[in-house]
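**Student:** Given next are the chains, with one letter for each unit.
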Amino acid sequence: MTELAKHQPATIYIKPTKGLAALNLRDLWTYRELVFFMVWRDVKVKYKQTLLGMAWAVIQPVMTMLVFTFLFDRVAKLPTEGIPYPVFSFTALLPWGLFVVALNQGSRSLVAHNNMVTKIYFPRLILPLSSVFAGLVDFAIAFVILIGLMFYFQVTPAWNLLWTLPLFLLLALITALGVALWLSAVNVKYRDVNQALPFLTQFWLFATPVAYSASVVSEKWQILYSLNPMAGVVNGFRWALLGTGSAPDITLWVSATISILIFVSGLFYFRSMEKTFADTI
Amino acid sequence: MTVAISVHNLGKRYQIGAAETKFRYNMLRDVLADTVYAPVRLAKALVGKSDRRSNQNFVWALKDVSFDLDEGKVLGIVGRNGAGKSTLLKILSRVTEPTTGTVSVRGRVGSLLEVGTGFHPELTGRENIYMNGAILGMKRSQIDRNFDAIVDFSEVGQFIDTPVKRYSSGMYLRLAFAVAAHLEPDILVVDEVLAVGDAEFQRKCIGKMNDVAQQGRTVLFVSHNMSAILRLTQEAIVLKKGQLIKRAPTAEAVDFYLSSGQAESGQRVWEADEVPAASAPFKPVAIRIRERSGKVVDTVRSTEPVMVEFEYQLDAPVTGLRVGMYLNTMRGEYVFTTFDTDDAKQFEQFGARPAGRYISRCEIPADLFNEGRYYLGVNASSFGVKRYFMDENALSFNVDISGAPGTQWPELRQGPIRPRLNWKIEKIG
Numbered sequence: 079m080t081e082l083a084k085h086q087p088a089t090i091y092i093k094p095t096k097g098l099a100a101l102n103l104r105d106l107w108t109y110r111e112l113v114f115f116m117v118w119r120d121v122k123v124k125y126k127q128t129l130l131g132m133a134w135a136v137i138q139p140v141m142t143m144l145v146f147t148f149l150f151d152r153v154a155k156l157p158t159e160g161i162p163y164p165v166f167s168f169t170a171l172l173p174w175g176l177f178v179v180a181l182n183q184g185s186r187s188l189v190a191h192n193n194m195v196t197k198i199y200f201p202r203l204i205l206p207l208s209s210v211f212a213g214l215v216d217f218a219i220a221f222v223i224l225i226g227l228m229f230y231f232q233v234t235p236a237w238n239l240l241w242t243l244p245l246f247l248l249l250a251l252i253t254a255l256g257v258a259l260w261l262s263a264v265n266v267k268y269r270d271v272n273q274a275l276p277f278l279t280q281f282w283l284f285a286t287p288v289a290y291s292a293s294v295v296s297e298k299w300q301i302l303y304s305l306n307p308m309a310g311v312v313n314g315f316r317w318a319l320l321g322t323g324s325a326p327d328i329t330l331w332v333s334a335t336i337s338i339l340i341f342v343s344g345l346f347y348f349r350s351m352e353k354t355f356a357d358t359i
Numbered sequence: 121m122t123v124a125i126s127v128h129n130l131g132k133r134y135q136i137g138a139a140e141t142k143f144r145y146n147m148l149r150d151v152l153a154d155t156v157y158a159p160v161r162l163a164k165a166l167v168g169k170s171d172r173r174s175n176q177n178f179v180w181a182l183k184d185v186s187f188d189l190d191e192g193k194v195l196g197i198v199g200r201n202g203a204g205k206s207t208l209l210k211i212l213s214r215v216t217e218p219t220t221g222t223v224s225v226r227g228r229v230g231s232l233l234e235v236g237t238g239f240h241p242e243l244t245g246r247e248n249i250y251m252n253g254a255i256l257g258m259k260r261s262q263i264d265r266n267f268d269a270i271v272d273f274s275e276v277g278q279f280i281d282t283p284v285k286r287y288s289s290g291m292y293l294r295l296a297f298a299v300a301a302h303l304e305p306d307i308l309v310v311d312e313v314l315a316v317g318d319a320e321f322q323r324k325c326i327g328k329m330n331d332v333a334q335q336g337r338t339v340l341f342v343s344h345n346m347s348a349i350l351r352l353t354q355e356a357i358v359l360k361k362g363q364l365i366k367r368a369p370t371a372e373a374v375d376f377y378l379s380s381g382q383a384e385s386g387q388r389v390w391e392a393d394e395v396p397a398a399s400a401p402f403k404p405v406a407i408r409i410r411e412r413s414g415k416v417v418d419t420v421r422s423t424e425p426v427m428v429e430f431e432y433q434l435d436a437p438v439t440g441l442r443v444g445m446y447l448n449t450m451r452g453e454y455v456f457t458t459f460d461t462d463d464a465k466q467f468e469q470f471g472a473r474p475a476g477r478y479i480s481r482c483e484i485p486a487d488l489f490n491e492g493r494y495y496l497g498v499n500a501s502s503f504g505v506k507r508y509f510m511d512e513n514a515l516s517f518n519v520d521i522s523g524a525p526g527t528q529w530p531e532l533r534q535g536p537i538r539p540r541l542n543w544k545i546e547k548i549g
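Those sequence lines, one after another, are chains A and B. Numbering (this note's numbering) for the first sequence: 79 to 359. Numbering (this note's numbering) for the second sequence: 121 to 549.
Calculated from the structure, these hints are not laboratory results. Even glycine gets a Cβ: it sits at the ideal position worked out from N, Cα and C. This list has only true hints and no planted wrong ones.
Pairs of lysine to any residue, SDA-like flavour, derived with a Cα cap of 25 Å:
id	chain 1	residue 1	chain 2	residue 2
1	A	K93	B	K183
2	B	K465	B	K506
3	A	K353	B	D184
4	A	K126	B	F279
5	B	K259	A	T196
6	B	K285	A	V189
7	B	K361	B	S516
8	B	K193	B	E304
9	A	K353	B	R228
10	A	K353	B	R226
Here chain B is said to cover these stretches of chain A; the calculated rule only asks that three of the stretch's residues, wherever they fall, bring their Cβ under 8 Å from a Cβ of chain B:
id	segment
11	103 to 113
12	197 to 207
13	343 to 357
With these hints in hand, go ahead and build the complete structure from the sequences.
**Tutor:** Here is the structure:
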């Protein structure tokens, strides 16, 4: 009661937003604790009532790596620039795994939480944002395995380049978030997104140098190839960790530009659709 | 006096019918044509242009609504279903955006609709309190401070570290409610219409609302229950088809609402496509509730008899027919079941009915119902032969208890019926 008397509530103005909605990042900041709680919940709940629990975070990338090793190393004998194939592919599977989880969870986040969307106010950006962040935990676990693999195969990391790794991680997050913003907003109205996601993920995997080296793509196609921002991310990861490939050149800048374009346009598209989410979901 | 809520020319337009036109194919040819057209539709949808055909199907859920509400006031909102009550509350709590107009709201709006939003069955009670609190906009420090009070209020104490999927539904609801009740909103929104089900829960909502109002905070209260509105609010607004048509002291507003005939229709008509083919030769036409004057109404007075009439068509003669109804409370308890040929003589006369149009009427005597909302189900069958038609939830109506026994005490009476019984008091010593 005494607290109430002291409390001077702020006035909120509600009116229709016109044109490109303001991003309202201040609101997002006020709700930052919610992002933390959502990530915490996702992580906490993810492996509940499973026999193997957190081990799944290890099994999934390791199994993929083993299948890739068999298919592309033993059978197809793809070149790996002198790096043992398991390490070579696992390095790429790290950002790729993060991207896939973020893409799939993020794109479904609004529809999956429709009871929140239709009942309460909060910045809707929090839903795709926290889905993307939740992928970081699996990423951290997989990173530990990578260190183990490098140790086992006696691959020395490219120490001098390692500091660039967070930048490539950031680029992976921006790409994933950008795509998730677009798809989650479209998914509210058109559930076609749910149908398209598995196909999109698979297609995208082939268009990204995860199982193979980007060097197999011929010179004249490199620029076109780098229109896929994940190609830039994966190449960057290999370069920063293993020292393979060339130093970031024009292709990285193309990837980064595309990624930022997707992100910024996604942000504005999301915000402009946001006002109709509760009505159409 | 400071203004807590100021609503100015508020309007909300919804698009309707798009979904219906979308799935109207009945031939493979249509499906194929639709598939070919799909990429075009996708492109149009992404640039924000939908088919012109569906563009015209708009409905204004709210139109030109303006009002101010002072801090510390309790405002009732009445109107029939679809009048825009829930849309108004959704705009005030910022769930959806208005199409036109502005609102300024002083302080945080909390609603008891939010109960349990974001609860995850795998998380423990403790974890859910934090999760739910954060979703409702509480700071972690605020949750910490209120944590013990929330646990006490919820009465789940010893199970606080058990996943909530192991809770009984009552425990679950109590915990969810406890979090929402400790939100300390500046403005509380209570939509009783949507808080379906549990009467205990509704009582808690109303109790909480009273507390909030007594602390001098602002409350908006939506209800179909006129006696609750009368008991709990000083002032009310009446919405009709999205427009504010009356604002007055509660008694006057409720009277206006009930007498202007725009309360719930009190009638259910079956369209041809709502009747399953299996019910032939029986065809329901309509069910209505009439008050003593003969007017079709949604809200009846507990102190007056109520006429229920069920109109139907027989396309062929039927033998052994009985047409009747179930009466249920909002919690889904049966109050009674009755058929038009329950009386043996009546059955002799009308058990076999030739084809034609019929009305079966029955009068429910006065002084039977308690306050609240009741559901009427209908049934037409030949005992042991066939059940022609059944609709468990054909029509609902409200009961207003003004003048019923015991209303001099402003309290909720337990039980679905409120009979006027003949008490005798004798001094024996």
